[in-house]
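S.K.: Chain by chain, the residues run as shown.
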Amino acid sequence: MMGLAKVFGILLVLVILAALLTWVERRLLGLWQDRYGPNRVGPAGLLQVVADMIKILFKEDWVPPFSDRLGFILAPAIVMASLLVAFAAIPITPDIDIWPMNGIGLLFILAMISLSVYSTVLGGWASNNKYSLVGALRAVAQMLSYEVFLGLSLLGVVLQAQSFDLRQIVAAQAGLWFVVPQFLGFVVFMTAGIAAIHRLPFDLPEAESELTAGFHTEYSSMKFGIFFIGEYVGIVLVSAMLATLFFGGWLGPVLPPLLWFLTKTGAFIAFFILLRAALPRPRYDQLMAFGWKLLLPLALLNLMVTAAILLAT
Amino acid sequence: MYSLLRTIWLIFLHLFHRRVTVEYPERKAYLAPRWRGRIILSRDPDGEERCVACYLCAVACPVDCIFLQKGELVGGRWYPQQFRINFSRCIFCGYCEEACPTYAIQLTPDFEMSEYDRHNLVYEKEDLLISGVGKYPGYSFYRVAGLAIPGKDKGQAENEEPPFDPKRLLP
Amino acid sequence: MTVAFYLAAAVAVLATVQVVASTNAVHALLSLIVSLLAVAVVFYVLGAPFAAALEAIVYAGAIMVLFAFVVMMLNLGAAATLEERAWLGPRVWLGPGFLSAVLLGLLVFLLRTAGGPASGGVVAPQPVGAALFGPYVLAVELASMLLLAGLVAAFHLGR
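Protein sequence lines correspond, in order, to chains A, B and C. For the first sequence, counting from 1, position 211 maps to 211 in our numbering; every step adds exactly one. In our numbering, each residue carries its 1-based index in the second sequence increased by 1000. In our numbering, each residue carries its 1-based index in the third sequence increased by 2000.
Please keep in mind that the hints were generated in silico from the structure rather than gathered at the bench. Keep in mind that this is a model prediction, so the values were computed, not measured. In this text, a Cβ means the ideal position worked out from N, Cα and C, and glycines have one as well. Be aware that one or more of the hints could be misleading.
To be verified - Covered by chain B, according to a simulated footprint, are these stretches of chain A (three or more residues, beta-carbon under 8 Å): (1) 175–188; (2) 264–277.
To be verified - Derived DEER-like restraints, expressed as beta-carbon distance ranges: (3) A:L20 with B:P1025: 22 to 32 Å; (4) B:A1032 with A:V15: 41 to 51 Å; (5) C:A2149 with B:L1013: 37 to 47 Å.
What the hints assert, rightly or not - Output of the computed footprint for chain C on chain A, the stretches with three or more beta carbons under 8 Å from beta carbons of chain C: (6) 128–140; (7) 144–158; (8) 233–247.
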């Protein structure tokens, strides 16, 4: 019974948080662009979320007659389901987590992130639209490349903690957060994480300025809304992973563990929004070259140096 | 790489900058008198319509949003029987004002014309015609033009000399 | 756990049948992904969480994405579906069906002699790694050489 309450509690908090992030993002972007953002509906514009929700729910839920119906309907569900399920493995505090996954929590999250790419691929292909297909192809290439060092950059952490279990990884950071010895891994993982959830500097699959909206050009109503919310769930997931793997999760003085976790995760979410405000989108070949020629050697170097030091001591 | 980090840092510093947004409905921006907004038809100082239904505004309009119909008063003075501007087409370019020979059609610094129904943006003559003189007080077309109207014969307009009499022998 | 095993196994079998029977290539691919994920669950239930995770990451997450990439580039339309349907006539099923029946018989026979699904302890990632780089290091190195050769060849062909 307690477990069920946790599951639904975390699920509810996540979905509400993701919906709220649409407002947070617009306000923060406004702040960094010297303007206000939504500030009309409700106190500080907070009810904008509700207004957007009502609007998007009452739009026509249109499935294009030229689309592949199964794929078109399945695609938004995949991103939401896979990213939400991934949270099951993240220990929020010593008391709050869902399932430690027999010590493979980290791998489980990586697997779910890699499955989430099917939503973009399937959505882009099923839309039967050239822009969408190009978006889907970009998503595939980007995902395949960045998944490699998404995993590789974490191996240093795994080596140091000697476990794939996120609880033990957090526990291993009691003395020193992994961001200090694994700084290279942290940088690579953050970059790869942004690319894996195709968040803004690396949002080539949707790239509204060149592909209209990429893989979700044909989507409308709540199917689009789920893609939209799914992106925010992805942000929360990568932020929570960064906080857990490199910044000691719930560890921290004075404040209760839950607050520490939320603070760290929130800081990373804000940082991602800052990246969106600050950085332009790279060209597609630049993205690929950046990944394979810079990040991959860095991740390998990080792994080898960590392994060598661990062997020597 | 350094430039990227510098960009991120500089954008972050915008957290502490003043916001440039003007909160519109509460604080309204200053609009210059010659700002091109809602179109009106003005009257001359005598209270008569300035418009002489010459159709130049309708010709000048690039989006063809002006429609008018000429009428004629007893003394030969022209006036628009109908004057209709479709503001859902109007692009507020101000060409009609440029074209108008009598300063009748003028653009005003008012732009708040939102409607729920598009048909409400079609303004008829009674919506357009104001009782004032607009931007040109004291100007009356028939007082300066040479055309004869009741109460003002030829040569009686302002800055006008009496008409030349061809039957006279003096130069 | 036994229920989970049989459920996942049933899903895997059904999805695999769907892979063969589906006339739309992308739908078949989706079924294959479901099948692989079900197999991952089977691995997990049998006490091999590491293998399960690798199955999901490598097969379902990476290799199938490449398959999807290729199939999408082929631009298969309604014509391909019709062609596929024509190929999948009743007579085509005879040969593979017979072979599968033989395999099924073999499987049932083996299961009867060997007993039900084995359920040893949970195999943690560390013993897997130790085994791979201990007794089986030669196989790992050979596989990596093969992959390297493939990589070099692909790079050469792609130039």
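S.K.: Give a verdict on every hint.
M.R.: A quick look at each hint next to the structure:
For a cut-off of 8 Å, the count of residues in the region 175–188 of chain A with a CB near a CB of chain B stands at 0, and the three-residue condition is violated. As drawn, the region 264–277 of chain A meets chain B at 3 residues by the rule of a beta-carbon pair under 8 Å; at three or more, the given contact holds. For the pair L20 of chain A and P1025 of chain B, the supplied restraint of 22 to 32 Å holds, since their beta-carbon distance comes to about 26 Å. About 50 Å separates the C-beta atoms of A1032 of chain B and V15 of chain A, a value consistent with the hinted range of 41 to 51 Å.
At about 52 Å, the CB distance of A2149 of chain C to L1013 of chain B disagrees with the hint of 37 to 47 Å. Given a C-beta distance limit of less than 8 Å, the hint that chain C covers the region 128–140 of chain A holds, as 4 residues qualify and 3 suffice. Only residues whose beta carbon comes within less than 8 Å of a beta carbon in chain C count, and the region 144–158 of chain A has 3; three or more means the coverage holds. Counting residues of the region 233–247 of chain A whose CB falls under 8 Å from any CB of chain C gives 0; the rule of at least 3 is not met.
When each numbered hint is compared with the structure, violations occur for hints 1, 5, 8.
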